[in-house]
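2 protein chains.
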Amino acid sequence: MQQCFVKIRKSVLIIKYCSKFSNMRLDFVKINVCVQVDKQQQSKDSVYFRDGVRRIDFILSYIDDKDGEKKQVCHPPSYSLVSPECVCEVSAQNTPQIIYYIILKMPILSGSRNTLYWTRSRDANCESERYSLYKYWARFSSFYKEQPLNLIRKYYGEKIGIYFAWLGFYTEMLSYAAVVGLLCFIYGVATFDENVWSKEICNDTIGGQIVMCPLCDKKCGYWKLSTTCSSSWQSYLFDNTATVFFAIFMGIWVTLFLEFWKRRQARLEYEWDLVDFEEEQQQLQLRPEYETKCTHRRLNRVTQSPADKAGRFILCWATVVLWISLIIACIIGVIAYRLAVFAAFASIMKDSPTNKLDVVGTLITPQFATSVTASCINFVIIMILNFLYEHVAIKITDMEVPKTHVEYENKLTVKMFLFQFVNYYSSCFYVAFFKGKFVGYPGDYAYMFGKWRNEECEPGGCLIELTTQLVIVMVGKQVWGNIQEALVPWLRNWWVSRSARNHPESLYSRWEQDHDLQTFSQLGLFYEYLEMVIQFGFITLFVASFPLAPLLALMNNILEVRVDAWKFTTQFRRPVAAKAHSIGAWDEILNMIAVFSVVTNAFIVSFTSDMIPRLVYKYAYHLGSESTMEGYINNSLSIFNISEIPVENRPEEGENPDWFYSSNITTCRYRDYRYPPGHEKQYTHTMQFWHILAAKLAFIIIMEHVVFVVKFFVAWLIPDVPSDVKARTKREHYLIQEYLHDYELEKLKIQLSQNGPNIEPCTCPATAATSVKLEVFSDCLS
Amino acid sequence: MQQCFVKIRKSVLIIKYCSKFSNMRLDFVKINVCVQVDKQQQSKDSVYFRDGVRRIDFILSYIDDKDGEKKQVCHPPSYSLVSPECVCEVSAQNTPQIIYYIILKMPILSGSRNTLYWTRSRDANCESERYSLYKYWARFSSFYKEQPLNLIRKYYGEKIGIYFAWLGFYTEMLSYAAVVGLLCFIYGVATFDENVWSKEICNDTIGGQIVMCPLCDKKCGYWKLSTTCSSSWQSYLFDNTATVFFAIFMGIWVTLFLEFWKRRQARLEYEWDLVDFEEEQQQLQLRPEYETKCTHRRLNRVTQSPADKAGRFILCWATVVLWISLIIACIIGVIAYRLAVFAAFASIMKDSPTNKLDVVGTLITPQFATSVTASCINFVIIMILNFLYEHVAIKITDMEVPKTHVEYENKLTVKMFLFQFVNYYSSCFYVAFFKGKFVGYPGDYAYMFGKWRNEECEPGGCLIELTTQLVIVMVGKQVWGNIQEALVPWLRNWWVSRSARNHPESLYSRWEQDHDLQTFSQLGLFYEYLEMVIQFGFITLFVASFPLAPLLALMNNILEVRVDAWKFTTQFRRPVAAKAHSIGAWDEILNMIAVFSVVTNAFIVSFTSDMIPRLVYKYAYHLGSESTMEGYINNSLSIFNISEIPVENRPEEGENPDWFYSSNITTCRYRDYRYPPGHEKQYTHTMQFWHILAAKLAFIIIMEHVVFVVKFFVAWLIPDVPSDVKARTKREHYLIQEYLHDYELEKLKIQLSQNGPNIEPCTCPATAATSVKLEVFSDCLS
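Protein chains in written order, with our numbering: chain A, 1 to 782; chain B, 1 to 782.
Some clues are possibly wrong.
Copies of the same chain are indistinguishable here, so a pair counts whether it falls within one copy or spans any two.
Unchecked claim - Straight-line distance between alpha carbons at most 20 angstroms, and here's what the computed EDC-like set of lysine to aspartate or glutamate pairs gives:
hint: 1; residue 1: LYS403; residue 2: ASP724
hint: 2; residue 1: LYS681; residue 2: GLU626
hint: 3; residue 1: LYS726; residue 2: GLU271
hint: 4; residue 1: LYS681; residue 2: GLU644
hint: 5; residue 1: LYS730; residue 2: GLU407
hint: 6; residue 1: LYS437; residue 2: GLU390
hint: 7; residue 1: LYS711; residue 2: GLU588
By construction, these hints were calculated from the structure, which means they are not laboratory data.
Remember, predicted model here, so these are calculated numbers, not experimental data.
Use the sequences and the hints to build the structure in full.
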């Protein structure tokens, strides 16, 4: 579709589109009239010709009919276009310049109930809508206020309106999760003193006496458990019973969020008059790119798709797989880095002066240093891969030549989401479920690629490392995202308008300024959703390791709403308005994440956190007759005979600390449940190991079943559409049916009166299909 | 709605309905004309007046208008009723008797696209539709043929058509499951010889030497393991690795069944022209019972429901809960019976002559006798409760006074299904998940109500008992169901027509015969669905215990289709035709059962079957260096010191067999993993116990996650609507839109030509809403 013809007939500006396809119809562009405007009060938002006097009031556009005859009168609103628009002509004295950008891209919605039209300020006394939006919506100071959704919808169209409605609702729901998460964190802080095992670790007579086996080959020496004292304390903040509660709470919160959103969406759908809007109407619009490539295949309705589609399709998916493999390779690279670097850190830190600092020194363990640096490297890799992949994804989707915009967006959504899912979450998955799980034991360590010894977790648990990883990736992504979103368009606009900015106001007119703004790309909204959905994944999938995640997300989103608003009102041209009655494919993805999150959280609580071993110890293996946590640390560490450690795993000379040589140490401890040396089954798993394993698995089963049952019950209990909306919709349907019936009746009466009373009372209405009519007639006459 | 007026005007029979409600519209009844029928060839299915000459050809019915004016001409098909029906009058010379039953209950579908009509044989040369159905569909000899679905739909309406389509599809899908199930069973038979543990049980030097602890207090004596030899062999048939495979297979089969049914349904929906049919149109019809009770509340649209609804609602649910408690009480009663009776059987059988019979005697153990009699009692109780509850459920649903038929059926569905679910399955759940799980051990047995000692499973496993229970309940239900379904209507018809049967053919006319048939109650289809859904539950929920269940169901269904067909064509009056585009609420229930079945099967395989302990033994606790099953029986039985058995649990004098006294036996064995006497932790669980428990739980987790992931992936992969159906539907929508648009355009052209060319080119069409029109006009004129 291209603009091919502009002519000025007397006082009317006519912009004609050439459309080769009969199923595309152009809606009217209506620009409201400003009556008697004083030149001083001229609204900046009105569109003027260069001279600043002649205002463009209406534009009439029309299409060629199939038979080549040009329609000169208003194309009347078709039956299904009941929106009461009318297009008129108003004088624009002379032949002006071509104003090419007004009509550039109008949404074409044949068959939709309301035409979308492009309003500008009605008269100068009213504020322009855009300015109202800027004033009441885009300012950060109004962050606590509800968004003016109806105005947003009116100005930007339903699609963008739905996005902001969703974002607002999500932020609102997040606040509940954030409060509960904060309470869980506070519980952790409040019960800090009950943390018996950390006390034991820090205690000189318990933790100070326990000699641990080296954490890496050759470069690591023996170490005392008490060095992990502080990280054990930190760990407790996130690894306590409140976390289990919070994991279950979030499982149900997610369900409530999705269910209530469905209701909110249904209400919006009703209020914004989208109930009868069918996505298919938009789907029928072909993409221009598709049309240019496929014109010669027009006739065949079934095999309209390009012939070489299959080949390309496979190619495209091969590319996606390639990229995902690339990420996995990067992740493995990072893991290898962690394994390789750990030994180095361990070796360096042994003698480093930080060991002497009381406050900082105890915090910076080799594990911590490795974790943080690896997470940062990871984050940088994620960002670079993301940046590169974005372009690749768009290019391969272009290559597939999807038929419609909806199809295009869906194809891209799958590709991008799959990639980003792997990209953002895989490092967290590694830390949560693989790190420290396949370590082996001092006599028989497990190696990655036969080269790097697998990482161990700290005696405090792996959970704190997952938390670190999560915080770095999540916060980093959010900060970076906001900077990119706000700064990039601003810088671009600043660059584009650099020459014009010096002109006086009268010369740098409003429409030029508007034109110089960034265009809002068709995928702009897609990126906004993607960002939010990835964030949603962070706060649900790994919430058991970090109850403060919803709070971080909440703070980000409060900012995000206003940044987006600011961006929309000041940095972008008014985007092409489009209809949408839902958030589309994202709803399905959110549901998938919600289901998946229950599984990940159950596994995190049982396998990443130390909750279950502690509970099993407390109730089944405790010392004395009372159930207590005392002695847990000693119980949770197995004993290994130093003399049995293979030579290649032993620390090199000089790597061991001094105290090791000064005392006669024959055994070291490691984190596992195995029989001590000398036992008949030495170094095989003890009964406690199997007991704990059974408890872990039982916890997963119970948690998953309980949460899923509650989830589905809640989802079943909450109707998807509020009852009043349902009733009103039904009432309207009923009225329409009533109306249609009356109308047909009226028509038939006229018809019957014309046909005369001779065929009485057997009348076969003319509208009936002829073949059957004849059959019935013959019956009548026999 | 009632028939209040029948008059004969010249040659026309007019039956008038009085409808108080304007939203109810009567469709036409069309009875086709038979032209020039020889009296000899008169089709029996044509409707004649008593004299046998005057045939009823057309009946015209019409309704009063709102303004009281009677319409005399054909009520033309309304706009949305595009079906090309026309009603004419044909002579029926004299005033005949009133034929009251023809028009008794016509489906009233205002606004639907096709009117439903009641066809009789077109002419005498053609067979009547009912006769064709009887000939080609209702005979058992055509069981391998496809059902004539289109004819069924034409004759009985869409609702019944969909039922038979579903039943046929279900039977078809069952055949695959039956074949795989049979293969699994054959695998069990083929690998019979590899069953090492049964050999060990039967072996005189192993099983013959193992003395087992008494199974009940006082009345049971010590016994030798070899007595369970034969039941152990039987058990292997169902409790082998093929069963695990089959459980997983069925999890996926269920998904495929539901997904493919969706597609089939979508295709039927298209072919039967139900795409645009909205359930709501039927929902708008109020039930007469509701209307009579609520006439005075007509005005208030919102609070139309009876005021005392809440009270009744609670009452109704209280009744349901009461009945479910009643079932549970019955189940507990049966369990108590089992516990009580077992001792008796054990005591009797000890000396009974059956012990001497080689073939039968070894099969009839006290466990077996208890199982079978308990299952039979259970079955009888189930049937009696069912019979009683049916009436109660209908009564309490009547008391709730639901507004519409759909609402009525939904309310009843929930009540009936909930009840039947508990009624039919609870005994199976007891055997699968409770029996033998909470036994305790010889020193500390667990008691129900402190009185009856909990049942133990045989050393062969509980699975064989579940199989017995399942077979008895399932087969019993099916046989009983078929007898009831076929015999009861036949007997009733036989009774009703007893006087008329002796009349000659000419006097006992066709319509009288038809009138004497049973009426097909509005809930008839509901019961058919319920029966099938309960069967579906049997073959999915407990399939891991009995791979032949699908085969049994298949055989039943092949019969069921024809029995239903025979019943419909010969034993019932033609039912009221109704529209339906799906199987309704049952779809949701089937989905629920499908999800639930994965969980139950996973639990059956791990906890009811002996699979996991055997595998753990084979790979972790086997004797010697090779993984073998030898020694499993000895390993799986713990040792108890006879002298430590409490007095109240010891067998009474004379209950022990003779060999017990003749040898010096100090220990007995029981089924558990506990330390032997003399061990430091004697009678507490061994490591193997925790190891097996962990393996069981791990199996549940793995099986559930794998099956659910595959399930959802398959469900996502298979589109709900076949692509060609989708394309055709879209195409039709498109054509309708095109047509509507052209029509409106035509209308507008006429309008414009009438208005004259003076308002050129700015025309504001008259159809636009007036308020906005004025606004736009003012713009034009300024």
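Query - Numbered hints the structure breaks, given as an ascending list - result: Checked against the structure, the only hint that fails is number 6, while the rest are satisfied.
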